[in-house]
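K.L.:
Listed below, chain by chain, are the residues.
There are 2 protein chains.
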Amino acid sequence: MIDVEELRDCYTNTPSKIVLLVADGLGGLAHPDTGKSELETAHTPNLDALAQESACGLTTPVLPGVAPGSGPGHLALFGYDPLVYNIGRGALEATGIDFALEPNDLAARGNFCDLDAEGVIIDRRAGRLPTLVTRQLCEQLQSSIELPGVELFVLPVRDQRFVVVVRGEGLSDRVSDSDPQVEGSPPLITEALDDEAEPTAALIRTFVEQASELLAGRERGNGLILRGWSKRPDLPPFPELWKLRAAAVTVYPMYRGVARLAGMQTIEAGDSLQTQIDAIRQHWDDFDFFFLHDKQIDTAGEDGDFLAKQRAIADFDRALPALLSLRPDVVVVTGDHSTPAVMAAHSWHPVPTLIWGRNVRADHIHDFSEPECVRGELGTFPAKELLPLAFAHAGRLAKYGA
Amino acid sequence: MIDVEELRDCYTNTPSKIVLLVADGLGGLAHPDTGKSELETAHTPNLDALAQESACGLTTPVLPGVAPGSGPGHLALFGYDPLVYNIGRGALEATGIDFALEPNDLAARGNFCDLDAEGVIIDRRAGRLPTLVTRQLCEQLQSSIELPGVELFVLPVRDQRFVVVVRGEGLSDRVSDSDPQVEGSPPLITEALDDEAEPTAALIRTFVEQASELLAGRERGNGLILRGWSKRPDLPPFPELWKLRAAAVTVYPMYRGVARLAGMQTIEAGDSLQTQIDAIRQHWDDFDFFFLHDKQIDTAGEDGDFLAKQRAIADFDRALPALLSLRPDVVVVTGDHSTPAVMAAHSWHPVPTLIWGRNVRADHIHDFSEPECVRGELGTFPAKELLPLAFAHAGRLAKYGA
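Chains as they are written, first to last, in my numbering: chain G, 1 to 402; chain L, 1 to 402.
Read the hints as simulated data drawn from the structure, not as lab findings. No false leads were slipped in.
The list makes no distinction among identical chains, and a pair is therefore deemed to hold if it is satisfied within one copy or across any two copies.
No farther apart than 25 Å at their CA atoms in a straight line, the calculated lysine-lysine pairs in the DSS-like style are these:
id, residue 1, residue 2
1, Lys295, Lys399
2, Lys399, Lys17
3, Lys243, Lys399
4, Lys231, Lys399
5, Lys295, Lys17
Kindly produce the complete structure, drawing on both the sequences and the hints.
P.N.:
Put into structure tokens, the structure is as follows:
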């Protein structure tokens, strides 16, 4: 909706509390033995009761058939067109370790890898190098390498993964990856993709040369590959767009980071749904909009563990009454994408979604699940169109046109 | 769908009669005592029978969550993207009193208001000045004020409301309102919003100064405020786009005006559904497409009168057989937006919609209502996509592509 400039003036700041509950990877597929999805199988009395008083439907995160990463999945839920606004891999990875990217910073995701005597990649992950070793290597690279005119950050993520951030004036993201994405080939030379990017490409080549020399003698992790050079996306700030005070309440830094890129404030959320809801309670008067992110359902889905995903959904359901006891005006329950356990991956399948609040035209469906949400009035619709509906139910979206 | 240039060549002129029945404000919300909407509660045997032979669904007028004014609501039903084409308040108001706006005319909506000794607005509506007084004031302003190089029209609407139209070359709509929209503040000075609009802004300030002098001595209505300076929208003409002869059959001038802006012809419609249908019968051979507008349902909804809305829907239902006896090829029943009595306002909720005609895939739903239409094949879809469906059933939309 961000692209709809015409509606900008319709948003008004009225006193109301909106909670966006994102159950990451919520949607699923049927278990081959039962014919029922994780959400259909899980015990969810609270979600079912809420759905019976809600308008229901299914959201398409990006486009039919497109399985989104966490970046586009969340941008869509925040009302940004995920095909217009994207977060590059480097920027997302930096954000995901709570690194505060500045507007001119250029970030890439890196892997330490194993090279043979000819410089050919024989293991892209260096046998999943321990995080502790990766941390030491990052410190060594950052302290040893000097790049002219810019500041350098080399930051560990997990296992063999790390982030490189270059801070300086005039850097361009129009540079190619050194990661060939396959083994059996040497790392690629980073090239400028247009003339203006030439100095940046030269700087990156200098970094790679010096880093390669420093790593050369090692048994594991004697090389490095980089990809996804990107800057922080230039997102119109969420609180200004929608005229509200917005807080992100997430356990995992990646999602806190995406929310922060969108201009939301973040509040200390602890490490569970319970502590997240406690945090919302403490800050209830300070914000109009709360984005609560649950990761457990997606993790179980990605692991291909149907039963664990079913249990994570039940946990999510159990947390609901504590949230509802805060008496929000509008509650949205959805996911940023589906993660069917039978696929063990993010998928494109539309995501069960409900909106509860004042003036809702309740669908009277039986329970909150994929097949029941199909019967809801909201139909199957783009995720980016979800938030304005929540704002309408909160009385924050005035009439359009005379 | 007007934005779909690619389909333009698919439209063909075949002999067929299409009737678009717009029950303004048709959609509703449940009465708190019964859990049923106005449409579910009303006695509608004819609509129900028609729905059982129709393809059904719900239309989203603009976007989810967006409650439209009458302008965008109708443009969408006429197949125009309401976010691309909009009708400014001044143009809509002029149109609503049957003033034939010319392409270069610039129109604003005005209120006579009460000012205190310091020029501060103390009543934005001058105690709802009688229409008769407003008419006299308008005549006085129009005959007394001379603006260099342009023609001036000052026209009464109702109560304290009036319309100002300036006719001349090179006028710009990029000028600010003088209406501050609140009391306790003086009227604002009209400013140019870009350089080109400077002469227009100066002209408007001259008008306001002279009008203010003329009104100054009065007890009520000693000031004026203006807003929504706009020109008639540059709509591609409906009959050319769809290759048919189109007639608007409306009781209220506002809707006749919107249809006229879209290039439809208007026919004398009397003051009731009965006289409207009589008018259609008389002109049956002269047109391929008839737009019939019913206002009563919306009026009751805006009044927050559930029972009156229910009765207005039943009246609408009773008129249906006379229309069907004309043997149209395609009938569409929908609304330009919902107006739930419990909200007493236009709302964003999707609007129950049916298409009846040849080659329809009937949904076999039980009755024409919000929850039944949810189960229809058309699903919940943008209102601007409705009319091409009607044309398809009329055999007017040929195959696209080889």
